[in-house]
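Undergrad: Listed below are the residues making up each chain.
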Amino acid sequence: MSELTFENVSVRYGTGRRALTAVEGVDLTVPAGSVVGLVGESGSGKSSLARAAVGLHPVSAGRILLDGRPLRRDGRVDGRRPLQMVFQDPYSSLDPRMTIGASIAEALPREVARGSAARRDEVARLLALVDLGAERAASYPGQLSGGQRQRVALARALAGRPEVVIADEITSALDVSIQGTVLNLVRDLQRRLRLSMLFISHDLAVVRYVADHVAVMYLGRIVEFGPAEQVLGEPRHPYTRELLAAAGRTAGAGLPAAVADAEPADPHHPPPGCRFHPRCPVGPLVHADRTVCREREPAPTGDRHRTACHFAPGGAM
Amino acid sequence: MTWRARWLGVLRTPVGASAAALLGAVLLLAVLAPVLWGARAEAMDTAQILRPASGAHWAGTDGLGRDIFARVLVATGTSVRLALAATALAVAAGLVLGTAPLLLGVRLGRLVTAVVHIAVAFPGILLALSFAVVFGAGARGAVLAIGFAGAPSFARLTQTLTAAVANRDFVAAARIAGVGRVRVLLRHVLPNVGEPLVVNATIGAGGALLAFAGLSFLGLGVQPPGYDWGRLLGEGLNGIYLNPAAALIPGAAVVVAGLAFNMFGEAVAKGLGVPTGGTFRSLGRRAEPAPAAVAPAPSDVLLNVEELRVSFPGKDGPVTPVRGVSLTVRRGETVGIVGESGSGKSLTALAIAQLIEQPGRVGARRLDFLGADLLTAGPRTLRRLLGTSLAMVFQDPATSFNPTRRIGTQLAEVAREHLGAGRRAAHERAVDRLQAVHIPAARRRARQFPHEFSGGMRQRAMIGMGLMGSPQLIIADEPTTALDVTVQQRVLRLLAELRAAEGVAILLISHDIGVIEQVCDRVLVMYAGRIVEDLPAAELRSAARHPYTRALLAAVPDLATDRDRPLPVIPGRPADPAAPPPGCAFAPRCPLADDHCLTEDPALVSDDAGRRVACWHADRYSPPSAFALHTNTHGAYLCAEQSEAVVTAGPEHEA
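Top to bottom, those sequences are chains A and Z. All residue numbers for the first sequence refer to my numbering, where the first residue is 5 and numbers rise by one. All residue numbers for the second sequence refer to my numbering, where the first residue is 102 and numbers rise by one.
The set of hints was computed from the structure by calculation and includes no laboratory data. Being a predicted model, the structure only gives us computed values, none of them experimental. We treat Cβ as the ideally placed atom computed from N, Cα and C, and that holds for glycine. There's no promise every hint is true.
[Claimed, not checked] Sample of chain A residues at the chain Z side, in silico, Cβ under 7 angstroms:
1) Tyr-17
2) Val-116
3) Ser-120
4) Thr-185
5) Glu-246
Hey, can you work out the whole structure from these sequences and the hints?
TA: Following this line, the structure appears as structure tokens:
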């Protein structure tokens, strides 16, 4: 059990005019042993944040801490790799030329299992953990279904004895009839192994089912964070409310035309002030006097349930 | 081990088999000829100098009285060996240069890439000639010259291939697991780019053989007393009027050996599955059963499909992913098809739009659109009908537009092509249609390129393109799957709006039962190539009778799902279209299945209200028509009971 903390983290791609700041000044804590759900649309920076945490992409500013100790650039702490990641697409996250046993064994740290017999036993134990038989170790990924592959990917992530697991859209490439199996397994393992987990998804219903806390990201910023039942039950940020309406399939009903027709912002040219203002139903589009949204970026307010909006109910102003 | 089977498959094709036999013969000759005829090729006979071809000397003799035919055979060894050495050098140098960007990191890698790109720009033969001068005449110099001259193209190929593999998630996963760069390269990257590299090396060897013959011919390659084909060709050419065979036979040897390498490489490349572009129209008009006397459809029926089948040739006989689908779409109706991957829902849509490519085959008892039979219609009628009255929207808006042409031009093309509109009128229509799909500043946007549009806008523009004609039916295949939830809603709203405003019928295909439920009047549930249930969308949650429909609804979490209980799951995995089970395809995963279900496939039966279901146990859920209120509670109870049964079945079934 470990606590993962992002401190003012920014992630930037490219240089000069083509530079893109995917994540900007994010503060986020994944408390030990709990699941934080990270939601947002494509381009909001949620995957960039995940890739920065596991060392696949360097952070351009800020720090990522595990129990207060900073992670090195390659994602190591004290020579170990306490963060592991499960990817979205189980068809591309397993090497098609390697048996799944070899794929899992590759991720085993040397000190966990020495010698081939010990490694074989450890692979069998990990496979059992994800409800697969030990005889599967000799199979190639091509012989498995999508759901089975995703379970192998989970087993591989667990092989590294992680303290934090980052799950990046792990069910979105799966058929609905398989999705439930993987979600049940993830929840079960998280509780049994008392893992800390950053669970990324665009599907609010899935996040609601898995997460204890929910963070909502928009254009590289966290706009709302808090306990799941509060964020999803009494959303304060207009963007969260829009996401919830879309998930409940009531979106657009009663929205002013100017808002309903607004285009999603371009991450290469984020708007000034509050990044959500060009499509916000409580912002200057609807209330002409709310010019502050165009001028000043709102700071997160609130204690357990934080919201970055000038006009959030219960927030500042 | 599928790749081994694929290599064997290459050898079973006629071209592959003959190329392999030819290449085998050349290699065998290269090894054996020096042993068998080495002495004869060296034997000088001063009595037989410069003789023309004869029974004793098939290609005549040279200036020292040596048998030229024997020398050509023996030269196979030298020629092939040197060509292979040069190829090996080219591949090795290419691999080092090509994988350098992966090992050296971003900055140095970019430098190497730039150098390779510059080297690729020089013609290979020019490089080889200049290298040959640098390294000096002789066999070793020529090997170095040809090897280094071939390296840039291999480096370029390796770079492209490794860059593609290095971006895949399994490489990222290995790096997170702490695997070093060199090991990632050796273990994950190279095995996955091996096949194309081998294929290109084989073709490259053919090229090296030719290049070597060229250098030797020019006197820059093998030096006397050594000889190879190019040298023999050069010597034979001096006396071509006296003894043509002395020049022709080494020439023929070069051609045959070069062909052997090239053909083998091409055969392997083709056999390993480089997709070849197929033709666009289906084989539909050669459909199986003739359109016999079937009852005429009611006039408000827009699309009438009966017993639609789509099949593709497979390894063990044809695979039929769509097995007898019957459906109708009325004017202005929105019909949804829901199913998992492999259920055949997208193929059904493509077959209706006549977009199944060869070698796929489409057959149907009936495939009527707007009263015209699509299976028997001529190409001109088809073009008119499908071009103006049917619109198709695909899943990925990023690939449905030509990236190099302006959006407005691409839309206008439809009007010019199908409606014969003039340039200006077509453009005006395009702007108008972009407005109709709520593209802001449509006039300016029409001048933009697809990459300047966001995903949701591109999808709306795609719908706008469908509206250029006056469509009666829009077939939308997963139109919102690639979009964000908020954008998804806008596209769905747009479809609903079009239907209200223009009376367009919509056939919406999706894996997301929630989307279908929200937008559609009627839902068709597909499983393993068949429709298993057909019912009004409003009754989906209250009156679905097929266990698959019910399980599908229960398996999707929504904002009211109980967090403290495990999600209901459907055990097992979706049926394999290549081997559908003999009975009901859903039986192996169904909590209600009995022996009857496993042996006999239930037919799709209609009730009085037009609902259809294919299940032997459909009456376990009481008929919805009679006591509506009673049915609801009863149905809900059964649903809960069924979820329990499904949950206890657990996930190990899939394992």
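Undergrad: Next, verify each hint and record whether it holds.
TA: Going down the list of hints, with the structure as the test:
1. For Tyr-17/A, the shortest C-beta to C-beta distance to chain Z is roughly 12 angstroms, which exceeds 7 angstroms, and the interface hint is violated.
2. With a cut of 7 angstroms, the hint placing Val-116/A at the interface with chain Z is violated, because the nearest CB-to-CB distance is about 12 angstroms.
3. The restraint placing Ser-120/A at the interface with chain Z is violated, with a minimum CB-CB distance near 17 angstroms, outside the 7 angstroms limit.
4. Interface restraint check: Thr-185/A against chain Z, minimum CB-CB distance 4 angstroms, threshold 7 angstroms, status holds.
5. With its C-beta approaching chain Z no nearer than about 6 angstroms, Glu-246/A sits inside the 7 angstroms limit, and its interface hint holds.
In terms of the numbered hints stated before, the structure departs from hints 1, 2 and 3, listed from lowest to highest.
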